[in-house]
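Residue strings, one per chain:
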Amino acid sequence: MTAAWRGWPSTLGVALVLGVLAFAIFGPLFNLVVWAFAERWYFPHKLPSEFGFAFWARVFSERGGAWQALGTSVWIALLTVALSLAVAVPAGYALARVRLRWRGLILLAFLLPQAVPNLPVYVNIARVFY
Amino acid sequence: MSETLAAARDASRPRRSFEAGGALGAVLVAPALAIIGLFFALPLGLSVVGAFRDKDGAYTLANLAKAYELYTTDFVFTIAIVALSSALIAAFAIAIAGYLTLGEHPRLVAALRWLYRWPLFIPFIVAGQLMRGFLAKNGTLNHVLIGSGLIEPLTAQSLLDWRGIVIAFVWKQAPFVTLLLAGAMASLERQHVEAARNLGASRLRALFEIVLPQVKGTLLVGIVLSFVTMLSVLSVPLMINPNSPTMITVDIAYRINTHADYGVANALCLASLALAAAGAWFYLRHAVQRAEAATP
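Those protein sequence lines, which keep their order, are chains D and U.
My numbering applies: residue 1 is where the first sequence begins, and numbers increase by one.
My numbering applies: residue 131 is where the second sequence begins, and numbers increase by one.
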């Protein structure tokens with residue numbers, strides 16, 4: 001009890017830093033949530049004057065095309081994860097449990113895509129496929 | 131008693147199936163290697179070769195010359211932003227991971243551990259949009275600063291320039307490097323730190339002289355991975371600061387979308403590859419030094 005009380009300035013200091021960190025992390029997210037439901041918001045006011053779903057209706061309407069885009073995104077992500085797992089799990093098993101002749105070189109080949117910026121790859125994949 | 135111990139030890143040790151070696155290993159690894167070869171190595175090779183070819187296919191240095199003439203400022207801008215972001219990411223990662231390892235208030239350590247990981251799950255493009263709302267002249271940051279009386283309403287400024295890009299990168303990548311670093315620090319032996327503390331070292335000194343030297347490799351890996359990732363992000367600079375000067379990823383996209391100029395785009399890609407190679411060289415040098423120090 002006495003030890004905890006003796007250290008209270010440092011506890012307060014750390015709690016303050018944590019508060020600032022929480023603001024830095026959740027501030028932008030909170031801002032996004034407020035903007036998503038705001039319908040009218042002018043500068044000096046700290047919060048919107050009107051809340052509503054007007055923009056949601058506009059985005060998810062028939063002409064908005066958001067449902068198709070969302071569906072495509074989710075489908076691509078799921079397919080990528082499934083195919084990556086299907087290919088990576090056997091490879092991982094082989095690297096860990098089976099004796100491979102060029103184990104070091106194969107590991108290097110798997111690590112290389114992580115060490116290289118992928119924009120050049122995207123640019124030229126488009127050329128290969130189109 | 132000893133038989134169960136021996137059995138437990140054998141069960142936990144991984145076994146290599148030497149009989150089915152060779153062919154099985156090749157078959158298991160082949161699909162992954164084929165994908166890397168076809169969808170990574172081939173386009174990368176095309177990119178490097180494409181930087182030296184003009185529209186008719188002849189070999190030329192004109193693309194490099196044009197890229198140098200038009201985009202040197204942006205290249206220097208890119209280096210500066212990514213270097214500054216990497217330094218800030220390292221600083222935050224060391225601070226947060228250090229407190230998680232050496233902190234003495236269990237509740238605050240638990241709170242920090244819960245808090246710092248949130249930005250990990252947010253894609254770069256969403257982080258760019260978050261920062262556009264947060265850092266704008268009428269954004270949340272300025273609202274809070276004005277509301278708490280720290281700045282005057284008239285002196286509020288928009289941070290949507292190079293500072294916004296750095297903030298977005300640090301916000302997104304610092305938790306990743308912190309995660310790596312905290313894991314490495316947690317696997318260290320406590321006795322070194324405890325011995326130092328018993329001899330009177332402060333926690334800060336224990337962090338910089340005992341803990342950090344042992345996790346230098348992990349920190350370097352995290353920073354190099356972040357460096358390479360930040361070099362390839364298009365969404366963040368496009369959303370926060372598309373005006374000149376900007377990062378070369380924006381220039382690459384512009385060259386392709388507006389001019390269909392794959393030559394100069396590939397030349398710029400070559401430049402960013404060279405930059406990434408410079409970063410990777412730091413890591414390789416450290417890894418080689420470590421390997422040499424380890425062998426007697």
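A few of these clues could be false.
Which bits of chain U does chain D cover? Going by a derived footprint, with three or more residues having C-beta under 8 Å, they are [as the list claims (entries may be wrong)]:
no.: 1; segment: 240–250
no.: 2; segment: 343–353
Sample of chain D residues facing chain U (criterion: CB under 10 Å; computed from the structure) [what the hints assert, rightly or not]:
no.: 3; residue: GLY27
no.: 4; residue: GLY52
no.: 5; residue: ARG127
no.: 6; residue: VAL128
Worth flagging that the hints you see were computed from the coordinates, not collected in a lab.
By construction, the Cβ of each residue, glycine as well, lies at the ideal position given by its N, Cα and C atoms.
Here's how the hints hold up against the structure:
1. Three residues within the 8 Å Cβ limit are the bar, and the segment 240–250 of chain U against chain D gives 6, so the coverage statement holds.
2. For the segment 343–353 of chain U, the proposed coverage by chain D is not satisfied: 0 residues have a C-beta within less than 8 Å of a C-beta in that chain, short of the threshold of three.
3. Look at D/GLY27: its Cβ gets to within about 5 Å of chain U, closer than 10 Å, so that hint holds up.
4. Nearest Cβ of chain U to the Cβ of D/GLY52: about 18 Å, over the 10 Å cut. The hint is violated.
5. Contact between D/ARG127 and chain U, as hinted, is supported at the beta carbon level, the nearest pair being about 7 Å apart and thus within 10 Å.
6. Below 10 Å, beta-carbon pairs count as interface contacts, and D/VAL128 has one with chain U at about 6 Å; its hint therefore holds.
Hints 2 and 4 from the earlier list are contradicted by this structure; the remaining hints agree with it.
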